Amino acid sequence: DAGITQSPRYKITETGRQVTLMCHQTWSHSYMFWYRQDLGHGLRLIYYSAAADITDKGEVPDGYVVSRSKTENFPLTLESATRSQTSVYFCASSESTGRDWIFGPGTRLTVL
Amino acid sequence: KQEVTQIPAALSVPEGENLVLNCSFTDSAIYNLQWFRQDPGKGLTSLLLIQSSQREQTSGRLNASLDKSSGRSTLYIAASQPGDSATYLCAVKETSYDKVIFGPGTSLSVIP
Chain U
1 DAGITQSPRY KITETGRQVT LMCHQTWSHS YMFWYRQDLG HGLRLIYYSA AADITDKGEV
61 PDGYVVSRSK TENFPLTLES ATRSQTSVYF CASSESTGRD WIFGPGTRLT VL
Chain R
113 KQEVTQIPAA LSVPEGENLV LNCSFTDSAI YNLQWFRQDP GKGLTSLLLI QSSQREQTSG
173 RLNASLDKSS GRSTLYIAAS QPGDSATYLC AVKETSYDKV IFGPGTSLSV IP
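As given, the protein sequences belong to chains U and R, one line each in that order.
Under my numbering, residues 1 to 112 are what the first sequence spells out, in order.
Under my numbering, residues 113 to 224 are what the second sequence spells out, in order.
These are computed hints drawn from the structure, not numbers from a lab.
Predicted, not measured: the structure shown is a model, and the values here were computed from it.
No residue lacks a Cβ here, since even glycine has one placed at the ideal position from N, Cα and C.
Incorrect hints may appear among the rest.
[Unchecked claim] Between beta-carbon pairs, the in silico distance windows are:
hint: 1; chain 1: U; residue 1: Asp62; chain 2: R; residue 2: Asn175; range: 35 to 41 Å
hint: 2; chain 1: R; residue 1: Lys154; chain 2: U; residue 2: Thr110; range: 17 to 23 Å
hint: 3; chain 1: R; residue 1: Ser221; chain 2: U; residue 2: Thr13; range: 33 to 39 Å
[Stated by the list, open to error] Okay, derived cross-link-like pairs now, BS3-like style, lysine-lysine, Cα gap no bigger than 25 Å in a straight line:
hint: 4; chain 1: R; residue 1: Lys211; chain 2: R; residue 2: Lys113
hint: 5; chain 1: R; residue 1: Lys180; chain 2: U; residue 2: Lys70
hint: 6; chain 1: U; residue 1: Lys70; chain 2: R; residue 2: Lys211
hint: 7; chain 1: U; residue 1: Lys57; chain 2: R; residue 2: Lys211
hint: 8; chain 1: R; residue 1: Lys211; chain 2: R; residue 2: Lys154
hint: 9; chain 1: R; residue 1: Lys113; chain 2: R; residue 2: Lys154
hint: 10; chain 1: R; residue 1: Lys154; chain 2: U; residue 2: Lys11
Build out the structure end to end from the sequences listed, making use of the hints.
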């Protein structure tokens, strides 16, 4: 995990609050991804980005916003957190061929 | 819509046994397939990547095969060790998109 970091690692927040999860990679990978992992659903793609200023929706984008002004950063914002967004969030990066996938250590988010 | 399933959901074997994990996908038009390992509370580590034109890949005691026509992949682990205990996930990258779809994973426990 040395090349991709996520912060915070743990977060507890309340319904309705805005929360931003940070992701930073040092590999200069073109692609970055946000996944959430829930029991019974596995890993589901929220948003991904092919390059700076290029983002696209995944399977479950509702309630989330992303931006990518710099190649190395890909923050994920929950505009108004809901209990259903309680999950473990993983950031990942890769080259376009799908090689060299690197996953971050995850952020465990609890929404009360 | 691509769907990825994995059987079994959980597996417990004695140390030294050879074992096979299964992955199935519904749409054979894939770009590649990867097997990942996830340790409890950690991110994912890529184990093997098979391009759509390949039939198998090997790394140490691991061998992954791909049969696109039948929508199946297997991960073979030889001479299992307690350190192999983890959750194993397969993921397919779709040809036309950059998204990667994950299976739910198989939780493996190797008993000393």
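Going through the hints against the structure:
1. U:Asp62 <-> R:Asn175: 35 to 41 Å: Hint holds: Cβ distance 40 Å, inside 35 to 41 Å.
2. R:Lys154 <-> U:Thr110: 17 to 23 Å: This hint holds: roughly 19 Å between Cβ atoms.
3. R:Ser221 <-> U:Thr13: 33 to 39 Å: 34 Å, holds
4. R:Lys211 <-> R:Lys113: The hint holds at about 12 Å.
5. R:Lys180 <-> U:Lys70: 37 Å, violated
6. U:Lys70 <-> R:Lys211: 21 Å, holds
7. U:Lys57 <-> R:Lys211: 10 Å, holds
8. R:Lys211 <-> R:Lys154: With a Cα-Cα distance of about 22 Å, the restraint between R:Lys211 and R:Lys154 holds, given a limit of 25 Å.
9. R:Lys113 <-> R:Lys154: 29 Å, violated
10. R:Lys154 <-> U:Lys11: 16 Å, holds
When each numbered hint is compared with the structure, violations occur for hints 5 and 9.
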